[in-house]
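K.L.:
Sequence:
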Amino acid sequence: TNVSDPDHIESSITELDGLGLMDLTTVFEGTKETHRINGKVVAATGLLAGAAGMPVSGYEIHMGRTVGQGFTPTFLIEDRADVAVTGSGDPEGALDATGSVLGTYIHGLFHNSELRGAMLQELARRKGVSLPDATAGVDLDREYDKLADWVRSSLDMDLVYRLSGLSRDYNAARVSTI
Numbered sequence: 001t002n003v004s005d006p007d008h009i010e011s012s013i014t015e016l017d018g019l020g021l022m023d024l025t026t027v028f029e030g031t032k033e034t035h036r037i038n039g040k041v042v043a044a045t046g047l048l049a050g051a052a053g054m055p056v057s058g059y060e061i062h063m064g065r066t067v068g069q070g071f072t073p074t075f076l077i078e079d080r081a082d083v084a085v086t087g088s089g090d091p092e093g094a095l096d097a098t099g100s101v102l103g104t105y106i107h108g109l110f111h112n113s114e115l116r117g118a119m120l121q122e123l124a125r126r127k128g129v130s131l132p133d134a135t136a137g138v139d140l141d142r143e144y145d146k147l148a149d150w151v152r153s154s155l156d157m158d159l160v161y162r163l164s165g166l167s168r169d170y171n172a173a174r175v176s177t178i
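Per the working numbering, residue 1 is the first one in the sequence shown, and the count goes up by one each step.
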């Protein structure tokens with residue numbers, strides 16, 4: 001897995017190794033794609049075992065393309081910005097051979113409650129635990145904040161900022177402008 005930025009669109013680094021979870025290469029290109037999308041789940045294995053055919057919506061955001069092998073396409077985009085995609089739709093996303101690693105350009109994926117519920121049920125099944133049938137009444141923003149706090153407490157954030165070439169001040173300034 002690696003990220004390639006031959007034209008230095010995002011940084012002065014030309015190529016960087018990824019986490020190695022899938023055999024994929026992402027190449028940054030000049031045009032940023034941002035579209036509201038609607039589609040459906042097409043993968044029927046792994047994390048998405050109970051989700052095939054479920055609707056999905058969100059924002060497709062990326063600059064470039066991702067290519068590779070050894071993965072299953074996960075979603076089929078049927079419309080972008082309320083304009084139907086020609087043919088049978090555009091494949092999007094990647095699910096690794098184990099069904100445990102999912103990659104996508106779709107932001108807001110977990111705002112799809114039916115899909116989120118199916119993925120949580122699959123994870124619970126794998127772990128041998130039971131979950132309630134519905135997540136009604138869950139404050140997602142609060143839960144995302146708890147997750148973000150846990151991630152921050154589990155990472156050496158000084159190292160993350162150093163590796164990214166940013167300072168802690170960058171994050172504070174950015175958050176205050178959102």
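Hints were generated in silico from the structure; no laboratory data involved. Note that CB positions come from ideal geometry on N, CA and C, so glycine has one too. Don't take every hint at face value.
Restraint-style ranges between C-beta atoms, simulated for each label pair [what the hints assert, rightly or not]:
hint, residue 1, residue 2, range
1, S11, V138, 16 to 26 Å
2, L159, D82, 34 to 44 Å
3, H111, E15, 31 to 41 Å
4, V138, H8, 20 to 30 Å
5, A84, D141, 29 to 39 Å
Cross-link-like lysine-lysine pairs, in silico, DSS-like; alpha carbons within 30 Å at most [what the hints assert, rightly or not]:
hint, residue 1, residue 2
6, K146, K40
7, K127, K40
8, K127, K146
K.L.:
Can the restraint linking K127 and K40 be considered satisfied, given a maximum Cα separation of 30 Å?
P.N.:
holds, 26 Å
K.L.:
Starting from the range 29 to 39 Å, see whether the pair A84 and D141 falls in it by beta-carbon distance.
P.N.:
At roughly 32 Å between Cβ atoms, D141 and A84 fall inside 29 to 39 Å, so the hint holds.
K.L.:
When you check the alpha-carbon spacing of K146 and K40, does it fall within 30 Å?
P.N.:
holds, 29 Å
K.L.:
Taking 34 to 44 Å as the stated bounds, is the beta-carbon spacing between L159 and D82 within them?
P.N.:
holds, 43 Å
K.L.:
CA of K127 to CA of K146, is that 30 Å or under?
P.N.:
OK: K127 and K146 at ~21 Å, within 30 Å.
K.L.:
Are S11 and V138 spaced within 16 to 26 Å by their CB atoms?
P.N.:
Since the Cβ atoms of S11 and V138 sit about 37 Å apart, the hinted range of 16 to 26 Å is violated.
K.L.:
Do the Cβ positions of V138 and H8 conform to the proposed distance bound of 20 to 30 Å?
P.N.:
Because 42 Å falls outside the window, the suggested range is violated.
K.L.:
Please test the hint of 31 to 41 Å on the beta carbon pair from H111 and E15.
P.N.:
Given about 33 Å between the Cβ atoms, the range holds.
The structure shown violates the earlier hints numbered 1 and 4.
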